[in-house]
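> Chains as they are written, first to last, in my numbering: chain D, 3 to 116; chain F, 709 to 816.
I should point out that these hints are in silico values taken from the structure, not numbers from a laboratory.
Hints may be right or wrong, so weigh each one.
[What the hints assert, rightly or not] Mimicking SDA-like on lysine to any residue, the simulated pairs with C-alpha atoms at most 25 Å apart in a straight line are:
(1) D:K80 <-> F:K717
(2) F:K717 <-> D:K70
(3) F:K717 <-> D:A90
(4) D:K70 <-> F:M803
(5) F:K717 <-> D:P86
(6) D:K70 <-> F:K730
(7) F:K730 <-> D:M42
(8) F:K717 <-> D:M42
(9) F:K717 <-> D:K26
(10) F:K717 <-> D:R112
(11) D:K80 <-> F:K730
(12) D:K26 <-> F:K730
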Amino acid sequence: DAGVIQSPRHEVTEMGQEVTLRCKPISGHDYLFWYRQTMMRGLELLIYFNNNVPIDDSGMPEDRFSAKMPNASFSTLKIQPSEPRDSAVYFCASSSSPTSYEQYFGPGTRLTVT
Amino acid sequence: AQRVTQPEKLLSVFKGAPVELKCNYSYSGSPELFWYVQYSRQRLQLLLRHISRESIKGFTADLNKGETSFHLKKPFAQEEDSAMYYCALSAPSNMLTFGGGTRLMVKP
């Protein structure tokens with residue numbers, strides 16, 4: 003298994019543009035998490051899914067952010083419109099049953115909004 | 709609500725010196741605590757969990773419920789220990805709450 007896969011690895015875009023980040027969890031994992039990492043705030047949970055259903059999106063900063071999980075092997079995080087303050091590294095992670103607390107992280111997408 | 713605090717953003721030590729990365733938490737229930745590590749250009753990965761009471765790469769962490777702490781310790785730091793370390797607390801819903809992270813730099 004290649005682990006959690008994220009694309010793109012780097013994204014540079016201009017303010018106001020739409021950005022879509024993609025994640026493929028580890029096969030068989032039924033939990034998927036989106037995190038944002040910044041120097042100032044560390045690692046923040048944005049949203050997580052269980053069996054493709056969003057369970058908690060209280061960490062999503064504002065309406066410009068949205069996340070979907072159309073099937074068990076794919077999730078997207080979309081920012082529309084993007085702003086410079088959205089610049090960060092976005093991580094996707096997956097885990098298996100509720101009794102397994104280890105989360106497996108993807109390599110992250112470094113987003114720069116100019 | 710749960711909260712994890714790592715008071716030091718940066719910790720710099722010399723090779724061979726003892727290292728302690730501090731972590732304090734607040735949680736009303738019975739906590740499950742973890743340390744995750746991110747080496748340069750690598751993925752964030754689990755280092756150890758308190759329920760295992762294990763030593764990984766020479767690191768140990770003891771849960772102190774009285775002081776609500778879960779400090780990460782190593783008696784002799786190595787240069788390859790240089791990384792970003794995150795303390796995390798797990799709630800029953802399988803969510804992890806991470807601290808702000810501490811960057812450990814081990815100087816030769």
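> Decide, hint by hint, whether the structure agrees.
The hints, checked one at a time:
Taking the CA atoms of K80 of chain D and K717 of chain F, the gap is about 30 Å. The hint is violated against a cut of 25 Å. Using a Cα cut-off of 25 Å, the hinted pair K717 of chain F and K70 of chain D is violated, with the two alpha carbons roughly 33 Å apart. Between K717 of chain F and A90 of chain D the alpha-carbon distance is near 17 Å, which keeps this suggested pair within the 25 Å criterion. A C-alpha spacing of about 18 Å is found between K70 of chain D and M803 of chain F, which places the hinted pair at or below 25 Å, so the restraint holds.
A threshold of 25 Å between alpha carbons decides the hint, and for K717 of chain F with P86 of chain D the separation of about 23 Å falls inside it, so the pair holds. Between the alpha carbons of K70 of chain D and K730 of chain F the distance comes to roughly 36 Å, so the proposed pair goes past 25 Å and is violated. At roughly 18 Å between alpha-carbon atoms, K730 of chain F and M42 of chain D fall within 25 Å of each other, so this suggested pair holds. For the hint linking K717 of chain F to M42 of chain D, the alpha-carbon distance of about 10 Å falls within 25 Å, and the restraint holds.
For the proposed pair K717 of chain F and K26 of chain D, the alpha carbon gap of about 31 Å is over 25 Å, so the pair is violated. Proximity of K717 of chain F to R112 of chain D is assessed by CA-CA distance (about 21 Å); at most 25 Å being required, the pair is judged to hold. Between the alpha carbons of K80 of chain D and K730 of chain F the distance comes to roughly 35 Å, so the proposed pair goes past 25 Å and is violated. The suggested pairing of K26 of chain D with K730 of chain F is violated, with an alpha-carbon distance near 33 Å, which exceeds 25 Å.
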